[in-house]
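> Taken in order, these protein sequences are the chains called A and B. The working numbering puts the first residue of the first sequence at 1, with every later residue one more than the last. The working numbering puts the first residue of the second sequence at 1, with every later residue one more than the last.
By construction, these hints were calculated from the structure, which means they are not laboratory data. These figures come from a predicted structure and were not determined experimentally. Among the hints, erroneous ones may be present.
Stated by the list, open to error - Here are the simulated lysine-lysine pairs, DSS-like style, with alpha carbons at most 25 Å apart:
id, chain 1, residue 1, chain 2, residue 2
1, A, K20, B, K98
2, A, K20, A, K77
3, B, K222, A, K20
4, B, K3, B, K179
5, B, K3, B, K194
6, B, K179, B, K194
7, B, K183, B, K3
8, B, K179, B, K222
9, B, K183, A, K77
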Amino acid sequence: MPDLGNRANVMGPQPIGPIKQPAPEMMAAIDRFLAVLMAGNPAEALAMTDERARDRVAQIAGAIKPGIYKEMHILGKARIVEHYFIKARLSGSRGESLTLQFRIGPEGGRWTVREAADLTNLRSAWTK
Amino acid sequence: MDKMIPVDRLARPEDHILVPLDKIREARLDQGLTPFNAMPFEEDFLKARLHGICAGEFQAMEAAGRTLFDFPDAPWEFQLDMARQVWDESRHSEIYMKLLDYVGSYLGEFPESEVLWSCTQIDDPACRVAGINRGLEGLACDVFEQLIRMAQKMGDPVIERAVDYVLADEITHVRMGSKWMRKLTEGDAERLRKAQAFQDNIDNLFNFGGGRTTQEGAAQIKQRLGDREVEIDATLTIAREARLLAGFTNEEIERLIKGMGKSAAY
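Extracted from the complex, chain A is given alone in its bound form (with noise of 0.2 Å):
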């Protein structure tokens, strides 16, 4: 049987390759994404966002009133190859809540959300 490789345990899973991480600039630039959406503030959320996906996302910050949600917490990520889509939920303390899927990706230097959904109330992005 061939060599499996420099690993201590053959019994159990053995990694051949890293899992690979996110960048912490991607998470930061989610975080602040998901911020200036909660704070009610299009602008910000407008300039991070890319061309194509300006109007998405115009129409569901504009719909966002400030201080309505408290919290954001991030569901899932999933990537293709340096793009992430994200799955986001913001919480307000009456139970209000706001799904959002977007995708995000580096360019120049910067990262910039390429499209966005609304999932609220969706099962998932497939629903049509």
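Put chain B on the given structure of chain A with help from the hints.
This is chain B only, laid out in the frame that chain A set:
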């Protein structure tokens, strides 16, 4: 319970990212990549390929279960075959989840798309098995055979043997599909024609514009592997031997190679 459920009704944990296939294509094109799957020269190739298969195994498990539920009047032996396939696919899902661990990935690292589930959206068990068991599981034979050869070149017996174990099941699933497509359409030429047409659509969907090749005809591409280089196929190949074992005819295989679809019952 509803029959013929759409893809967004599949149960998934909230942290999973589910997107239509066109969103994945957009994300790849946006990065200057080819629109469909991770290519052999990409760093993520092995992880992404195993992830796509793993998500496919989950949907195959769900699809066989839904076929069992959607057609309660189908012959008992048909239902037994579908139940057996649910069990097989659940084992495959576990195997591929462990292979994802093995290569430093995890289920959910990449998004899941709906493309396989779209093949379940037909209200006839003959079409369902033609599309899923003959079309998709035939494709699985191609993908797995190629993965086994890659693992052999990489000197990786874990992937080689795990995938070979799954391939043996896929071959029986194709045979089951062929058997039931024939039996369920016996004496009904029009129903058989519809089942074949449904499979043709699926074959064409995964034909990648006729970009698939024979094993012998596949261009080779160098892949860095630690301190050495191996040559692996640059295209998705058609696994003639596995397909023959599964009961496809030479004529069907030739048609696939030529990108013509059109399946015959045998």
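> All hints are to be evaluated individually against the structure, with a verdict given for each.
Verification of the hints:
Restraint check: the Cα-Cα separation between K20 (chain A) and K98 (chain B) comes to about 17 Å, which is no more than 25 Å; the hinted pair holds. With a CA separation close to 12 Å, the supplied pair K20 (chain A) and K77 (chain A) stays within the 25 Å bound. Under the criterion of a C-alpha separation no larger than 25 Å, the hint pairing K222 (chain B) with K20 (chain A) is consistent with the structure, at around 23 Å. The hinted pair formed by K3 (chain B) and K179 (chain B) meets the criterion: a straight-line CA distance of about 24 Å does not exceed 25 Å.
For the hint pairing K3 (chain B) with K194 (chain B), the CA-to-CA distance comes to about 20 Å; that is within 25 Å, so the pair holds. Using a Cα cut-off of 25 Å, the hinted pair K179 (chain B) and K194 (chain B) holds, with the two alpha carbons roughly 16 Å apart. A threshold of 25 Å between alpha carbons decides the hint, and for K183 (chain B) with K3 (chain B) the separation of about 23 Å falls inside it, so the pair holds. Between the alpha carbons of K179 (chain B) and K222 (chain B) the distance comes to roughly 41 Å, so the proposed pair goes past 25 Å and is violated.
Straight-line distance between C-alpha atoms of K183 (chain B) and K77 (chain A) comes to about 45 Å, which puts the hinted pair past the 25 Å bound.
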